[in-house]
Each structure stands twice: as C-alpha cells, then as structure tokens.
Amino acid sequence: MKSDEILVEEVQGGQVASFSVLVSRHQRALLRLAMRIVKDLELAEDIVQESFIKAYLKIDKFEGRSSFKSWAFQITLNTAKNKLRGKRYEHVDIGKVSIPVSAKAESGIAQAGIQQLLRDKVDSLPEKQKMALSLRIYDDLSFKEIADIMNCPYDTAKANYRHALLKLRHNVEEDHRLQGWNEIEFKKNIAVAFEAEA
Amino acid sequence: MSYQSTFMMSDSWQVDYIEGEVTEEQRADMELLLQHSPMEKQVVDNLGKLKESIRWSDETQVPEAGKYWQGLHMKIMDAVNESSDLKWKKEKSSRKRRNARR
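Chains as they are written, first to last, in our numbering: chain A, 48 to 245; chain B, 1044 to 1145.
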C-alpha cells in the first residue's frame, strides 16, 4: 500500500488517480469531523467535497511539513467553521423530548441523559480545549497531528487537551446529575435499548 | 488555592500517564506510586473511564454501508475532476492572454 506521502507526490506530478486513493482513505474520518461540527449529513458531505477540492487545487503548495491527513483535517475544520458562521443550526434538546416508553427502555433513556450531559460539558469547554479533546478522543489523533491541525506547538496541543480533561473531570464530579457515571456500562449505541423493544 | 492551580500542580502527570506521554523512568515511578496509593489509582482509573465515557457520548454517526462510501467517493471525484478541468482551462486562457500581450 502506498503511503500518503507518495500519493501526494504522484498527484503533484499530475496523477489524479492517486488523489482518488487519498479520498477513499480519508473521506470517512473527514465526514465524521464535519458531522460533529454541523450535525447535518448533507451539509457535512458538501463540506468534505469542498475540502477535497480545495486540497486538490492547492496540492502544489503542500510542502509536507505536516501529514496529508492533518492538512485535510485542517481544511475540513476551517470549511465547516465557515459554513457554520453563515448558518445557525438548531440542536434538539433531549430534555424537552417526550417519548412514551416501557420500563425496559428506561435504562437506555437514563444513559441517553448522561450522554447528553457529557456532551453539554464537552461543548461548554473553551474552544481550543474542546478542539484538542475532540481530535484526541473522537478522532484518535496523535498530539503531533493535533498540533498540526490547530497550528500550534506540540506542548500547547497537549496542554489544551490536559486542561480539557481535568476540567471535565472536575465538572462531572461536581454535577449531582452525573452521580455514578463511572459505574455505567458503555453501550456503543443507546438505540440498542430501543431496538430490543421493537 | 484556586482549582486551576491545584490541578495543574497535582494532576497533570495523571493525564500524561494515561496518554502514554511519559518516559520509561517516569512510568516506573508512577506505577510504583499507584501500587502504594489506592486513592491515586482511583483517580487514574476514573480519568481513563472519563475518556471512555466521552467517546461513548459521541452522537456522531456516519453511514456504514459500503455503497454509501462508494457513492460519496464518486461524487467527490466528479467534483475534483470538474475543478481540475476548470483550473486547466483557466491556466490555458491566462497563458493565451500573456502570449497575446507579447
């Protein structure tokens, strides 16, 4: 399997087919990143498409100081942020949604509540801390990649992440609604509880 | 002492430890400490669980089907090829303009 570096060199030499491999390799991660920001699949697809076009058109200027993946993440992040600036997105407040459910699904709902609270706590972090945390935990990126994407030194990326995690720990421990959060069994998808009902 | 300065002084090593951002020597020291301090061990375990629960709380879902990704890939490459043609045409016309000026 060719490395991203080789593929980028081939694209710079005029081989569009090599760019197709890069798209195939990174489209999933970039779509997840865009989805996390705009929470809308159609818009996220447009963002990823636009980001790949930008990457392709600027690939001659890509000097390889960071990896292609970090560069593509950075482009997608900026594109998504710009889209958000132009449009406000409504988020569903799970606390206000009323669904009739049986006792079996109750634990699923309790978990959904905890998931929502945790998301709120992540959302309330300062922007750079939230970014470092998201890239590390959701996208499994290294601190080097995070530093490249955030355009900051390695130690700053790590410090942002560290502050975020410790602040979250403090906030979670202080919140009585999250008592026992560390005893729950993690289910990959809370929909499992509802599917079992159907 | 503020919460901020307290955690910076005492807890940052725990994050570095769970992230594997420590030297072998530091790791050995930390593991020794964890063996003898159930409280510290609890803190480290909870940080690991917190990480896991944050990952678990992510609501972002993308389609699983291979067909979807093939479709998206095609859509992206069509757009890339189109922009590549446009770029080529632009370069060609600016070359023409430059030559005409000469």
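By construction, these hints were calculated from the structure, which means they are not laboratory data. Heads up, some of the hints might be wrong.
Said to hold, decoys possible - Straight-line C-alpha distance at most 25 Å; calculated DSS-like pairs for lysine-lysine: (1) Lys1110(B) - Lys214(A); (2) Lys168(A) - Lys1092(B); (3) Lys108(A) - Lys1139(B); (4) Lys168(A) - Lys86(A); (5) Lys1084(B) - Lys116(A); (6) Lys86(A) - Lys1110(B); (7) Lys49(A) - Lys86(A); (8) Lys105(A) - Lys191(A); (9) Lys128(A) - Lys86(A); (10) Lys214(A) - Lys1094(B); (11) Lys1110(B) - Lys1094(B).
Unchecked claim - Going by beta-carbon spacing under 7 Å, a handful of chain A positions derived as facing chain B: (12) Phe109; (13) Leu165; (14) Leu213.
Unchecked claim - Derived Cβ-Cβ restraints for the label pairs, each shown as a range: (15) Gly60(A) - Lys1139(B): 16 to 26 Å; (16) Asp187(A) - Gly1114(B): 19 to 29 Å; (17) Ile53(A) - Leu1075(B): 11 to 21 Å; (18) His223(A) - Asn1124(B): 50 to 60 Å; (19) Arg1070(B) - His223(A): 27 to 37 Å; (20) His217(A) - Met1117(B): 20 to 30 Å; (21) Glu230(A) - Gly1114(B): 33 to 43 Å.
Built from N, CA and C at the ideal position, the CB exists for glycine as well.
Structure-based check of all given hints:
Using a Cα cut-off of 25 Å, the hinted pair Lys1110(B) and Lys214(A) is violated, with the two alpha carbons roughly 41 Å apart. About 16 Å separates the Cα atoms of Lys168(A) and Lys1092(B), which keeps this hinted pair within 25 Å; it holds. About 24 Å separates the Cα atoms of Lys108(A) and Lys1139(B), which keeps this hinted pair within 25 Å; it holds. Restraint check for Lys168(A) and Lys86(A): the C-alpha separation of about 17 Å stays at or below 25 Å, so the hint holds.
Proposed proximity of Lys1084(B) and Lys116(A) is contradicted: the alpha carbons are some 36 Å apart, above 25 Å. Proposed proximity of Lys86(A) and Lys1110(B) is supported: the alpha carbons are some 21 Å apart, at most 25 Å. Restraint check: the Cα-Cα separation between Lys49(A) and Lys86(A) comes to about 33 Å, which exceeds 25 Å; the hinted pair is violated. This hinted pair checks out: Lys105(A) and Lys191(A) have alpha carbons roughly 22 Å apart, not beyond 25 Å.
Between Lys128(A) and Lys86(A), the direct Cα distance comes to roughly 12 Å. Compliance with the 25 Å bound is thereby established for this hinted pair. Our distance criterion of 25 Å between C-alpha atoms is met by Lys214(A) and Lys1094(B), whose separation comes to about 12 Å. For a cut-off of 25 Å, the pair hint linking Lys1110(B) to Lys1094(B) is broken: about 32 Å separates their Cα positions. Given the 7 Å rule on beta carbons, the hint for Phe109(A) is violated: about 15 Å separates it from the nearest Cβ of chain B.
Checking Leu165(A) against chain B: minimum C-beta separation of about 4 Å stays under 7 Å; hint holds. With its C-beta approaching chain B no nearer than about 5 Å, Leu213(A) sits inside the 7 Å limit, and its interface hint holds. Take Gly60(A) and Lys1139(B): their Cβ atoms lie about 25 Å apart, and the range 16 to 26 Å holds. For the hinted restraint 19 to 29 Å between Asp187(A) and Gly1114(B), the CB-CB distance of approximately 25 Å keeps it satisfied.
Ile53(A) and Leu1075(B) have their C-beta atoms about 45 Å apart, which leaves the hinted 11 to 21 Å range violated. Between His223(A) and Asn1124(B) the beta carbons are some 56 Å apart, a value that agrees with the proposed interval 50 to 60 Å. Distance hint check: the CB atoms of Arg1070(B) and His223(A) are about 35 Å apart, consistent with the given range 27 to 37 Å. At roughly 47 Å, the beta carbons of His217(A) and Met1117(B) sit outside the given window of 20 to 30 Å.
Judged by the Cβ atoms, the range 33 to 43 Å given for Glu230(A) and Gly1114(B) holds: they are separated by roughly 42 Å.
The structure shown violates the earlier hints numbered 1, 5, 7, 11, 12, 17, 20.
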